[in-house]
Amino acid sequence: MTAKIILPILQILVIVGFSPLVKGFINKIEARLQCRRGASIFQPYYNLIKLLRKDAVVSETSSWIFRATPYVTFISILIISLLVPVLSSQVPLNFTGDIILIIYLFALARFFLVLTSLDTGSAFGGMGGSREMMVSSMAEPAMILSIFTVALTVNSTNLSNITNLLLNNSVLLLNPSLFLAFLAFAIVLIAEAGRIPVDNPFTHLELTMIHEGMMLEFSGRYLALVEWASSMKLLLLLTILVNIFFPWGIAGGLTFPGLIIAFALYVVKIGFFAFLIVIVEMSFAKLRLFRIPNLLGTAFILSVLAIISLYVVR
Amino acid sequence: MIILLLLIVPVITAIACVFTKKHGISKYISIAGSFIALVYNIYLNYNIYTYKTLQGFNYFFYVDALTILTTQIVTIVAFAAALYSAGYMEVELHDCRISEKKLQWYYFLMHMFIFTMLLVCVINNLGVMWVAIEGTTLATTFLVGFYNKKQHQEAAWKYIILCTVGITLALFGVILTYHSAKGVLGEIGYALNWSDLRTVADKFEPHLMKLAFLFILVGYGTKAGLAPMHTWLPDAHSQAPSPISALFSGVLINCSMYGIIRYHILTSKCVGSDYSCTLLMIFGLVSVIVSIPFILVQKDYKRLLAFSSVEHIGFIALGIGFGGMYSVYGAELHTFNHAVTKSLLFFCAGNLFLKYKTTEMENIKGVIKTLPVTGTILAIGVFAITGTPPFNIFVSEFLVLADGFHSGNLFTIVFTCILIVCITLIFVGFIYNMYRMIFGTPTGDVPKGETSKFTIAAMLFLLFFVLIISFYVPPLLREVLRNIYDIVRNA
Amino acid sequence: MAEHISHLFIISIILYLAGSLFALCFYGWQRVGNYIALILAAIASCFSIATAVVALSAGSTIRLDFTIYHAIIKYNFLLDPVSAYFILAISVIGFVAAIYSIGYTRLYVNKRDTRFLGFTYNIFLASMLLVVTANNAVVFMIVWELMTVVSFFLVIYEHENPANMKAGFMYIIMAHIGAVFLSVAFFIMFAFTGTWDFGFDDFRKVGSHMPLIYKNVVFFLVIIGFGIKAGIFPLHLWLPMAHPAAPSNVSMVMSGVMIKTAIYGFIRFYFEFLTPCPPWWGVVVLIIGASSALLGILYALTERDIKTLLAYSSIENNGIIIIGIGLSMIFKSYNLMALSSLALMAGLYHLVNHAVFKSLLFGCAGNIYYATHTKNIEELGGLIKRLRVTAPLFLVGALAISAIPPLNGFLSEWLIFQSILNGFHIPSVIIKIITIICGAVVALTGALVATCFVKAFGISFLALPRSDHAKKAKEVPVIMLVSMGLLASLCVFLGIFPVKVMMVINSVNTHLLNTNILPAITSYDWLHTKSVQTNFTDLSPTSATVLGLILFAVTFGVLTSIKPRFVKKIYETWTCGISPEPRLEYTATAFTRPFKTIFSNLYRPQREVRTEYSVPNFFVKSITYVDEVTPIFEKYFYSPVSRAVLSISNRVRWVHTGSIHIYLTYIFITLIILIIFVGK
Amino acid sequence: MTQQIIVNSRTIDILAVLMLITTIILIGTSRLRTCIWAYACRSFMLTLASGLIAYFSGIHHIYITTGISLALKVIVIPGFLFYIVKKINIKKEVESYINYTLSLILACGIILIAYYSTQNIIQFENTFMRHCLPIALSITLLGFFVMISRKQAITHILGLITMEDGMFFAALSTSYGMPLIVELGLFFDILVSVIIMGIYVYRIKESFDTIDTDSLRELRE
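Chains Y, L, W and P supply the protein sequences, listed in that same order.
Going by my numbering, the first residue of the first sequence is number 1, and it counts up by one from there.
Going by my numbering, the first residue of the second sequence is number 1, and it counts up by one from there.
Going by my numbering, the first residue of the third sequence is number 1, and it counts up by one from there.
Going by my numbering, the first residue of the fourth sequence is number 1, and it counts up by one from there.
Chain Y with its partners taken away, still in its complex shape:
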């Protein structure tokens, strides 16, 4: 019972606590690979603390939507972090919702962010918002289909159940359809998290920005919440990827040593995929805006293939 109460808190703490670190880690690696020293791996934490202590500047054009958005975004991501198996495959709150709820909670966050981008009346925000919606719309079918592939392999859309079943039944993982689904999901992840080649998180140059464009007007606490939410989103997507397709090591029960091992392995796995992201970012240039649908179309085709092969193999 205690475990049932502790685990969710632990989960939140892991996600909330480590998400800036992942960002810092990626930045650091990337800098090193570009032969720069780069900022400290903890730089994102410094930024957040600084921002949280600041007052905010709010545009006079904007409305209450602008002020509500950071909270809505942050909270919806927080709810997601309770629904995703992070350390243990048994998520106590798994009756609350499944992967579809997670996708739509992401949508909730995005909905408000894009609204805010229009709220200030600046053209940059609208541009960012419009592109964000485009990318996410294009990514949606591929995401759903790749998740459906997994769900149909184990007959569940509940992440906790999926992880559990795959953990106990690892043979299922050796399935070409799951591999295809993994590829599709990876592409979607890059698009959703706003990484190169879809979006460039480092730039504030109006022609290239998508995600950052929407956040231009935020400041102080608001910016902190939004930034934090976006890094949590990245981590959550990575977690889903890792724990669905590579569930090994995740704790089956709620024992303390199991959780420790799980945590260690989790760090390793996340680190590995973060590294992969860096590799991808290093080796690709940012795509032109209207090439992005092609990329996501590829992901969609992959996921369709995944579904077909799943049915045919069965």
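Derived by calculation from the structure, the hints in this document are not laboratory data.
Just to be clear, a hint being listed does not mean it is correct.
[Unchecked claim] Distance condition first, Cα-Cα at most 30 Å in a straight line; then the derived BS3-like pairs of lysine-lysine:
hint : chain 1 : residue 1 : chain 2 : residue 2
1    : L       : Lys-149   : P       : Lys-91
2    : W       : Lys-166   : L       : Lys-369
3    : W       : Lys-569   : W       : Lys-472
4    : Y       : Lys-286   : Y       : Lys-269
5    : Y       : Lys-50    : W       : Lys-568
6    : P       : Lys-87    : L       : Lys-149
7    : P       : Lys-91    : P       : Lys-151
8    : L       : Lys-101   : P       : Lys-87
9    : L       : Lys-150   : P       : Lys-205
10   : Y       : Lys-28    : Y       : Lys-54
11   : W       : Lys-568   : Y       : Lys-54
12   : L       : Lys-355   : W       : Lys-166
13   : L       : Lys-299   : L       : Lys-355
Dock chains L, W and P against the given chain Y, drawing on the hints supplied.
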């Protein structure tokens, strides 16, 4: 004797209208006369309800359910037309388009016209019926050419020539029937009495009857407006004064159809029902199809209504041709529905004409604002005439179509399907043409307001029938329709 | 019990009719007549809500047979759970819309006849109630067309505008064609019943012994017949024209519930009359649903007229409902009754959801029109500060329609996904794959809906006003806001407490499919609320909401403790150094520009930039940018057909040459032909 | 007796053929007055036939019809037509849409059709019908043909009364005429219709300044 009374009333009215010294009184005489005829006819209706048939003067007159339905339609529309004429002609008189003397002659001719139509129905002798049908043409020629302008004369000329030719052809049918009847009945005199013929029709010479029916169909079909003999119809309907157009469309074509049905019964008894049924179906369908393009693309609202009459008479022919219980029932109900609805629409058209002085639809906009009552009734009437539920025509069309499917005969089903397509197209044409006129912003400087109380009264009178039949068929009418089926099937 | 229900129902119908008559009676006092009509409509709706609630809770079937015989037509009505469910949806929306209209019709006072609005509105509602209770094909067709005709008059209520007239024509003509298809369908089935009753009871029996070929014909006739009303692609043409043309209070009812009567028709035909049906029927329905959903939202996306946008979105939502129906049909034909029930539940749930949020959105669009007299969202902006109550209401609607949790749209979307996933039970591989692809389409649709409504809300409510209309906008009368508030709270309720709704739908499904799946799809959890459950997973929107609130409290607390006095400084937006102007804002057209480029094959955008220079050619005087979407269905299907019909007609009209000799020749030739070929 | 019948029917046959010839003259001539004369001539022969049939058959009421026919068809109607022609002062020849040769060929065709269509009926007959019925039908159809092919309004009247002659002859030859009341009605109708048409010919002449029906083409689609 009681039948004769029905005939005498319009004659007396006609004479009284023309010989009254006070000019203004003739319209009241006309209304009163037609009202008496109407009431009297309802009384006759009850008699038929009780006795099934009536006869008079040693079977010179013969009234059965089929007759009584037609006379009922005649009297209803006649009363409405008399009421409407009172208003319509008042305006014409006021605008100095006609003189008072001419108006009296108008009433005379109108009531003579009604008389001939009633005569067509109640007469037993098929030869005299022919004479009476020709009489309707003669009585109405001057009415078609009433305003005596070029186009009216043209319409009148076409009307009299085409109809007379048609009816002359029908005479050949009558003669052939008489000839074959004489072979069976032997003695002349009764040999053309329908009540006798129907009992012995199965002994007739089939070849003769076949040929006779062809001539009857083409001949009376011309008068009824079956395509391709219908060509006089749009001209005459559009040029005659509106009350007369209403009588034309509402009842005149039904009277001719009545003649065709009488022969149809004889022919089916003689040569089997397939022959005449198929012919009726083909002519009916052709009429419906022919009317489509003219309804879809039309400039003149009165012509539009006239072509719609072609369609409906075709529909009635089809219903009779299907020959099933409910299709005959439906076709006869349709006769009634069409009569009241189409007359109603012609009254609306008349009001439009009085107001706008044009029959071009392009020049009329926003009727609902200029003429609120007429516009509303027209809007309802358009839906009613196109067979849109819940209005009356839907019910009768539905019955006919359902029977078309019910027969299970592939030929009939194909016909029914084509018919449904046609009806839909006609609906499109009607709605498109009429509603552009009814709604929109009124153009020009036409003053707002209805023209006359009489016209409104006449329209409401007919609207009452339209709405009542939409939801409820009185038992009297239902019984009459049932009897008609028995007569048609010769049971 | 049954007595009471029928009495309630009859009372409500009588009240509707009384309302419509009252509206006409008050000849001099238009306002009074209108108000009385609307208030009576609201009361009548309460009665019919009561009818539906009682009928649904009783789960019984009530027959109402009127003995007024019309020729052979009998006025039979039947109130089974299916009807009751639709009555509930119709009368709830009818009730809200009636209240809303009391405020909204002030727009027309002294400008046009509001009595007429009240008159038609009441008949419209009554006819819809009768449509879903008719138990006889003839009565059904009568009330069905009555509904069409009455709504046609509502569409052309503002008939001075030629565009409205065009919309009206399109609507009435297409609806009539649909009705014709339906009546042929009825006729064909009728030919196999062997009676002259036309009763639905006979039709229920006919499915088992009708030859398959005829069943297939009827299937397609019904698809087209009801599909036109439902606005499926490519039969949707009238819908985006007619719904915006009608006054907003009517659009609410039309979009919210009228098009659902088509769904009712589908259910009656495919689940009662034509059973058992082959699996491919379901596939066809599914594909139609999916394509309508996708195309509907794609067209909504580029739309600038807010009501047209909502109308297109209705097509999309109807598509999703039809997906549910189609899935249910597939499952049913493979005898997977529980899954069939689940899919139908998804469809019916979405039906009521759509009714609620679409009425809400149309109502808010009406508010906008009331306040600004424009429907073009490019001329709006900044309304959130002027219509302070309307804005959050619209936002709730927008969130709900975008299936954002915890609002109601999400629930039905979730159920649809669950039904789609359960498609793996289907034996046929190809159908399985089609099902899943439909899932992807639904996902894409969902994302596009979000885009569309972000645009609709963002452009019209946020930032600076783009025109004088928007600048001068004032909040609308309270009564309109109250009624909209009712709908918004319904959106929340339906989203957070789904189990109640599902119980209701389950009773419908139990009646229809003889399977009670309620125990299988709901369970209690530790928050003592029921959660929704399928064999895949479960979902508890209630606990998710509670969780969200707790987390918000915690976050807010933590943030406050970090910085207790948080100050917001107000400055103008940074726009590269110039002061912000409405002209700098992103427009709706620009917002959806990327989609136009991506789906350019569908839209075939026609772009034109005209630049006008002043005297020295260096200074630009004005730039006109025209960006139009080609209506491909209109251009490549409807226009050619209508043009062909008209040109043929025109050519045939030559027959009436005016020459009497030619006319005589027609008669002569007819006679000769008959003599030679027939008379022989 | 049989001999008598044959003689009788031959007499009627000859009259029938003569009537047919006068009808063909109607088609073949271009002078209006000749046309009216031809009509009067045919009517006379018809009356003659009617009288003969009354005599042969001994049915008395046919005498009455004969008398009326004589008065009406031979005297009144041609007289009325001459009066109109004079009154409206027609000088032009009768124009036709179809030239005379073709008209005659078509007339032959029409006569053939008449024979063809009645052949089923007449083969069982033993009275006058053998030739009379087809000829009566031919006259009717030829009258119709005249109406179609001739342009002037007055020829419409001529065609129409020709048709009616045909009918009259048909009735007479097949069934010894119709019942008296029908016959009376028939005559009345013919008289009234000819008068009405005459009035309209006059009015058309007044309004259109021609009686060429080609000019009546205002009402069209």
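Hints and how they fare:
no.	hint	result
1	L:Lys-149 to P:Lys-91	holds, 25 Å
2	W:Lys-166 to L:Lys-369	holds, 19 Å
3	W:Lys-569 to W:Lys-472	holds, 27 Å
4	Y:Lys-286 to Y:Lys-269	holds, 26 Å
5	Y:Lys-50 to W:Lys-568	holds, 16 Å
6	P:Lys-87 to L:Lys-149	holds, 21 Å
7	P:Lys-91 to P:Lys-151	holds, 14 Å
8	L:Lys-101 to P:Lys-87	holds, 27 Å
9	L:Lys-150 to P:Lys-205	holds, 10 Å
10	Y:Lys-28 to Y:Lys-54	holds, 26 Å
11	W:Lys-568 to Y:Lys-54	holds, 10 Å
12	L:Lys-355 to W:Lys-166	holds, 26 Å
13	L:Lys-299 to L:Lys-355	holds, 17 Å
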